[in-house]
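Participant: Heads up: the sequence shown runs through residues 381 to 997, numbered per this note's numbering.
It should be emphasised that the hints constitute simulated quantities derived from the structure, not laboratory data.
Hints are supplied without guarantee of correctness; some may be wrong.
To be verified - Using 16 Å as the maximum straight-line C-alpha spacing, the simulated EDC-like pairs for lysine to aspartate or glutamate come out as follows:
#1 Lys997 - Glu978
#2 Lys670 - Asp625
#3 Lys920 - Glu941
#4 Lys821 - Asp894
#5 Lys997 - Asp894
#6 Lys821 - Asp849
Predicted, not measured: the structure shown is a model, and the values here were computed from it.
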Amino acid sequence: MKTIGGGTLLLAVLLGAAMPSRLDSSEAPTNATRAAVLRGTVLDAVTGRPTACTVAIIDATGHTVSESEGYRGGFRCEGRFSKNLPPGRTRLRVTRGFETRAVERVLELKEGQDVSVELRLERVVDLRRRGWFAGDSHAHMIHGERTLPVNFDDVALAARAEDLQYFSLAHAWSLTDPTPERLAAELTSRSTPECLLTWNLEAPKNYYRGDAGRCLGHCWTLGMRGRTPEGRDVIPLLQQASAHDYESDKPSFANFESHHLIRAQGGAAFYSHPARWWTGPWGGQGGYPKQDKMRVSNLAVELPLDTLLGPTFDGIDVLTGAGEFQANAMAFELWCLLLNHGYRVAATASSDSCFDRPGGATPGAVRTYTFLDEPFSLPAATRATARGRTFATSGPLLLATLDHEPPGSSFAADGRERQLAIEAWASGAETKGLTRLEVLKNGKPFWTNVCSPACLQFSTNLVLRETADSWFCVRVFGADPQRQRAVSGAFFFDAQPHQPPTPVPARVQANLVDATTGQGISGTVTEVTFHATLPRDGRKHDLGNQGGVLIVPGTVRLRAEAPGYQPVTLSPVLDHPELVEAVTRLEAADLLRWETFERMRRLLGQVRLTFRLEKVK
381 MKTIGGGTLL LAVLLGAAMP SRLDSSEAPT NATRAAVLRG TVLDAVTGRP TACTVAIIDA
441 TGHTVSESEG YRGGFRCEGR FSKNLPPGRT RLRVTRGFET RAVERVLELK EGQDVSVELR
501 LERVVDLRRR GWFAGDSHAH MIHGERTLPV NFDDVALAAR AEDLQYFSLA HAWSLTDPTP
561 ERLAAELTSR STPECLLTWN LEAPKNYYRG DAGRCLGHCW TLGMRGRTPE GRDVIPLLQQ
621 ASAHDYESDK PSFANFESHH LIRAQGGAAF YSHPARWWTG PWGGQGGYPK QDKMRVSNLA
681 VELPLDTLLG PTFDGIDVLT GAGEFQANAM AFELWCLLLN HGYRVAATAS SDSCFDRPGG
741 ATPGAVRTYT FLDEPFSLPA ATRATARGRT FATSGPLLLA TLDHEPPGSS FAADGRERQL
801 AIEAWASGAE TKGLTRLEVL KNGKPFWTNV CSPACLQFST NLVLRETADS WFCVRVFGAD
861 PQRQRAVSGA FFFDAQPHQP PTPVPARVQA NLVDATTGQG ISGTVTEVTF HATLPRDGRK
921 HDLGNQGGVL IVPGTVRLRA EAPGYQPVTL SPVLDHPELV EAVTRLEAAD LLRWETFERM
981 RRLLGQVRLT FRLEKVK
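Model the full assembly from the supplied sequences, consistent with the hints where possible.
Facilitator: Here is the structure:
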């Protein structure tokens, strides 16, 4: 057996992502030559123990060795591997998320040779020690296609190999009867102090009347308890409150009604891929005609309404999948628009990886880092993420503080000097370095530094003096600025203590009438707040037979009652045809215009609801 020594020597040869892959086999190559055996041990440089990692081997035939169609860029291991390979020049690359420096080797394997390599992984920076923790909370164990089998062990290994401190696994799951308790049992048993596994939902994930051309928007949850105080399982409650493709007969719920339940359960909700859409075939089910070319939407068209009504959500992904260039650029612009109008929502990132799709098992491809000033826990991460103590990244690492405070912090706009400290590192998985760093004020360039030549690490300090309301964030870019970028959360300056915009109410002209005669009747109207599908009664209003105008939260439904009549419940949003049409027909560009939000505001002031009550028989 031949042993090649350890170390962290980086070679200039990079592994091409476009290389064809082949599934690994324990069998030697079937030609006349005898296979070489490559045995690897990958150790953490600090602990000296084997560490989970991702291994990419390009063999002498140019193929990338893979163990699953779910991940074609190599394979994951717990720190040890053994592969039968054809003799010849073989390239080896080992990575572990963004904080660890990649290790590369070029080996000349000979026929029948048994070669061992020992590699040590060193961190470029240890962000956990700085209070920053990486997570991905938008990843599907089974997206729905069920093209590939998936098990919990593979998912757990992928999360550890990506160096995620926490990983939230969304539905569907490889369980016949998933409950919060059964999911927790599967995931907790596979968690470690450095990688907490938990479950969550992509919820709401809502298509108006099951029409994929009228998507209300997708969100992911974080830190949500699995049982209501009454013991109800939140999984079916949230799934029942969203209509998926073709579910045209399902009762309609607004996204904000799911947000109510998520927050009541101690969780937070974040809109994902708010500007994503594509053209493709759809239809042929649910009463919808088959179309070969239709705009299929993942747009967050309810987001303007949810913003005005609350906001009812906590943040938006400014990065979703490193390859969604235009959609990500628009998502960042949308985040800036919200901040410019006083809505201080968090900037996040999530991968939307799908383990049951070929090539889809890529958790952490983009991820959210969250700052905690306390020991890590999921509730603490949830609170801090919702506060905007974040940076979102597809590779580069970015720490920005203002007077030693993290993103999400506010400062008096009193003209005093404030020091913006910036530290940035190229992703350890990349070797070409950082190329540009930007500071933005109110979403516009304020200061730019071009790194020429590219650098692996960068730090600087800037002095800010503000006398008016404003906000700042930092962006940093790698060698491929589209694919490698990071965005910090925002720092705020306030001339007066910040007061968030007042939620916009609904102005409702309400009338109760006899369903048969059309005559006006007297009765009561009760505000009902839905937590997903669970109603919660609130304030009650008396109405005479001439009706009246009610000013109510735009997030409630109204239940009309009169003696001798059956009650009727209507929604100022879902039973307002003009508002529904305006929301569900929005396009991506509309989300970036404040005029869209003002149109929703006007329509909330023009609600007319006629409750047609039938007599009790």
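Participant: Each hint should be assessed against the structure and marked as holding or not.
Facilitator: Hint check:
1. Distance check on the hinted pair: Lys997 and Glu978 sit about 45 Å apart at the alpha-carbon level, beyond 16 Å; violated.
2. Between Lys670 and Asp625 the alpha-carbon distance is near 13 Å, which keeps this suggested pair within the 16 Å criterion.
3. Only pairs whose Cα atoms come within 16 Å are accepted, and Lys920 paired with Glu941 is accepted, the gap being roughly 10 Å.
4. Only pairs whose Cα atoms come within 16 Å are accepted, and Lys821 paired with Asp894 is rejected, the gap being roughly 57 Å.
5. Taking the CA atoms of Lys997 and Asp894, the gap is about 14 Å. The hint holds against a cut of 16 Å.
6. For the suggested pair Lys821 and Asp849, the alpha carbons sit about 11 Å apart, so the restraint of at most 16 Å is met.
Violation of the numbered hints given earlier is confined to hints 1, 4; the remaining hints are satisfied by the structure.
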